[in-house]
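Q: Protein chains in written order, with the working numbering: chain A, 1 to 324; chain B, 325 to 569; chain C, 570 to 860.
Keep in mind that the hints are not guaranteed to be accurate.
[What the hints assert, rightly or not] Below, in silico cross-link-like pairs of lysine-lysine (DSSO-like), each with a Cα-Cα straight-line distance of 30 Å or less:
#1 K481/B x K510/B
#2 K502/B x K401/B
#3 K832/C x K107/A
#4 K107/A x K657/C
#5 K401/B x K481/B
#6 K401/B x K510/B
#7 K657/C x K753/C
#8 K107/A x K401/B
#9 K502/B x K481/B
[As the list claims (entries may be wrong)] Selected chain A positions facing chain C (in silico; Cβ < 7 Å):
#10 Y110
#11 A114
#12 V120
#13 I124
#14 N128
#15 L130
#16 L245
What the hints contain is simulated information worked out from the structure, not anything from laboratory work.
Even for Gly, the Cβ is constructed at its ideal location relative to N, Cα and C.
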Amino acid sequence: MRILRSFGLALCILAAGGVLSLVLPEYHLRLLNLSVVASIAVIGLNIAFGYVGLISLGHAAFVGLGAYIMAISTTRLGLSPWLAMPAAVAATAAFAVAIGLPLLRLKGHYLALATLGLNVSFVIVASNWLEMTGGTNGIAQIPSFSILHHAISDERSFLWLALVSLTLVVVVATLLHHSRYGRALISVRDDELAAEMTGIDTTRLKIMGFAFSAAYAAFAGCLFASHVRFISPEDFSYAHSINYLAMLIVGGEGTIVGAILGSVLLTFLPEWLRFLGNAYLALFGLLVFLVLVFLPTGIVGLRKFVRGPSRVDRSVQAAAEVRP
Amino acid sequence: MTILDARNISKRYGGLAALTDVDMTVSAGEFVAIIGPNGAGKSTLLNVFTGLVVPDSGAVLLAGNDVTRHATNRRIKAGLGRTFQHGRTFPRLTVLENVMVGAAICPTLGERALRESALQIIEQMGLADIADNAIRTLSYGHRRMVELARAVACNPKVLLLDEPAAGLNSAEVAQLVKRLAHLREKHQLAVVLIEHNMGMVMRLAERIVVLNFGSKIAEGAPAEIQANPAVLSAYLGEGYAHARV
Amino acid sequence: MADFFQLAINGFAIGGVYALAAIGFVIVYEATGVVNFAAGQFVMFGTFAGVAALVNAQLPWPIAYAAALFAMAAFGVLFFLLVYWPLKLSPAVTVIIGTVAISITMQNAALLVFGSWPVRIPSPLEGMTVEVGGAVVSVHALLTMAITALLVGGLWFLLHRTSFGIGMRAVAQDVQAARLMGLKVGRVLAMSWVLGALLAGAAGLLLGPMWFADVNMGDPVALKAFAATIIGGFGSLPGAVVGGIFVGLSEVLGASYISSAYKDLISFGIMIGFLFVRPQGMFGEKIQDRG
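All chains, full assembly: derive it from the sequences and hints.
A: Below you can see the structure in the form of structure tokens.
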């Protein structure tokens, strides 16, 4: 039933995207593409943070790692993007496991600061390892994906690629959410000790959730690289990690719909507030802060004003109540 | 047959001896209660059984295997189950999903089979009409029942219950006693019960272990314990008089 | 050797600034439990309070410094009322994101007011140097070290020898008990924000003549202060001092002897190393209960 609803959501995404691809001007299509790619990263972050409760301020580093592996293997080794992408995703997930083993013994703000340090270190390395990453000049001319010799390089066709990817990601995330692994992940955040007491190896599960989340990030990174076709360390600075977290919280953490809504909203917000000029970012911070204070369950929490509390609202509210 | 065997368990916290040379065994299907005043080391003993506390000395054997250094989740998989003193459920999951987390201990069950087996336990525990409710809508008594159901779903050979009746009203306590008796019959599981409610202990327990200041001061059938002068002076006096009423 | 000596003095001076920033961060964390991710912007505000008073208003320097610190204290109160209070019952994660959001607002508000062009604030000791053992050392660096030592000493005195400080430590340890003892907990919490803002302000004023005043300076300072806090031990004041100086020295010495490109990686590498091996840092709390 719930699985069906997720397929419904996936269809909605495709239909909405299809309509939008016909009516939106080129520039807005570009933003829409960026927001779809961000959604994929944020759905990944939702697994680490929304389900397992790992506060990661280094998600952009995983997006960046995926993007750089993709960029380097296509431009240097001449690998097809279709081959480079799974390699980048797998390598990033493996990296997350390796780093997660020591890292995930930390909790709360220790983990937040450690992941922040990880992100900053990533940018320093990417900026200075000139032979490999081109330093701050970045890597240009990353090839687009192509199907049957048709390059997916214009915004309209990329939108289809992005939407199909998002649909795939949503379906996988929903299947995960409603599987034994999803419940186990959620139980670990709710009460780690009680989860251990049901025979769950919580350490292993946390690392698994972290790796899964990193894999999503890397997938988003690969799409980003092939969309923008030029990457530099700036694209993956820790400010982006914070942006991903803000997207998730504004949308409604713990929910896939919230992750998508937050990503779209915060990608378009600068555009809508463009008349403010330089004051935009000052207002952006304030808006996020106000959402935290007045809408702690994010935009999806607004649903209860529209109709009775839904299942999603309930679970999110319960989560908000219980956290120490 | 002995399922759980704890030998010479000692644990100190700084200068405080939480447990001193405690021996305890539990046979298959047996109902054992641990009683003693607050701070006697009862919960610490359960923590040693479940691996939350590593003893300074001594060994814990589960079905003949030494698990003293094993992680908690391995012990649970090997047949231990436990509930906590104040009840710990997963608030973001429904009642059914909570129990399914427990049932997932069996790695081969598919999603549908998981749901079936969880529903069966929910039925037995009398929680069928709230199976799809969110935890936060439940009363404290119901939450504790959900926790118990989740522990049972892990299919334990020994179930460790830490004050399951604390905070429940008398009707709920009566329900709990009934369910526990039923569960034992149905699943042939052994139960180790920590409880201050002496009425409940005397009705259910086949054997009672009495701890005081971290040491075992008596062990025996309820009738023996009631007559044991050391126990009476250490603990029972007031509580027991109350329970007799 | 003279080079080394000169570098070490500079390392100590910049380390002192990091230490002050880290102490401001730790004071707030100890009293209120808030991990303030806007701590770097507090320091940036301190520097720009100096810019406003010294460069824009052209006040004589004692008055300018006093005005800047007063502005920082007022900002501490404002932050307490508008940011801390609305989030005081929120989960830790929400508070972290909340301070991050406000830090973005602070940085861009400064950008709106002061523009993106870096300004240099003069030191009252502009250009003065002394020769110590063959090394030429700026007096400002020496003064920075002296002021840091003075502030740390004063803070120790405040926390351990005055009734206000003892009340503050009581609140940090147990809010409920402190309230039952008749302490005005709200006022103590507000004062901890004021103290945090003042220390950050002092760090900012000292940093102004060493770096250019730049609205983007908050993040690097915050990262160094975080590293100092982890290395020294979360929640520990002596730890913040030792950690800050450690980070300052490793940055300055690392830049000249190892690699200037990777100088920041040294302190973060050490921070991450500490997190893995000894997360409680040199002097810190045991981490089981917190976090």
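Q: Does the nearest C-beta of chain C fall within a distance shorter than 7 Å of the C-beta of I124/A?
A: holds (5 Å)
Q: Taking only the CA atoms, is the gap from K481/B to K510/B under or equal to 30 Å?
A: Distance of about 12 Å is within 30 Å: holds.
Q: Take a quick look at whether K502/B and K401/B sit within 30 Å of each other, Cα to Cα.
A: This hinted pair holds, its Cα atoms lying about 27 Å apart.
Q: Take the shortest C-beta to C-beta distance between A114/A and chain C; is it under 7 Å?
A: Holds, because the Cβ-Cβ distance from A114/A to chain C comes to roughly 5 Å (cut-off 7 Å).
Q: Taking 7 Å as the limit, does the beta-carbon of N128/A come near enough to a beta-carbon in chain C?
A: Interface hint status for N128/A: holds (4 Å vs cutoff 7 Å).
Q: Is the shortest C-beta separation between L130/A and chain C less than 7 Å?
A: violated (9 Å)
Q: CA of K107/A to CA of K657/C, is that 30 Å or under?
A: holds (20 Å)
Q: Report holds or violated for the interface hint on Y110/A, using the least CB-CB distance to chain C and a cut-off of 7 Å.
A: holds (5 Å)
Q: Keeping to a limit of 30 Å between CA atoms, is the pair of K401/B and K510/B held or broken?
A: holds (20 Å)
Q: For a C-alpha distance cap of 30 Å, please report whether K107/A and K401/B respect it.
A: Within the cut-off at roughly 26 Å; holds.
Q: Checking one constraint from the list: CA of K832/C to CA of K107/A, max 30 Å. Satisfied?
A: Since the Cα atoms of K832/C and K107/A sit roughly 27 Å apart, the hinted pair holds (cutoff 30 Å).
Q: When the nearest CB of chain C is found for L245/A, is that gap smaller than 7 Å?
A: With a closest approach of 6 Å, the L245/A hint holds.
Violated hint: 15 only; the structure is consistent with all others.
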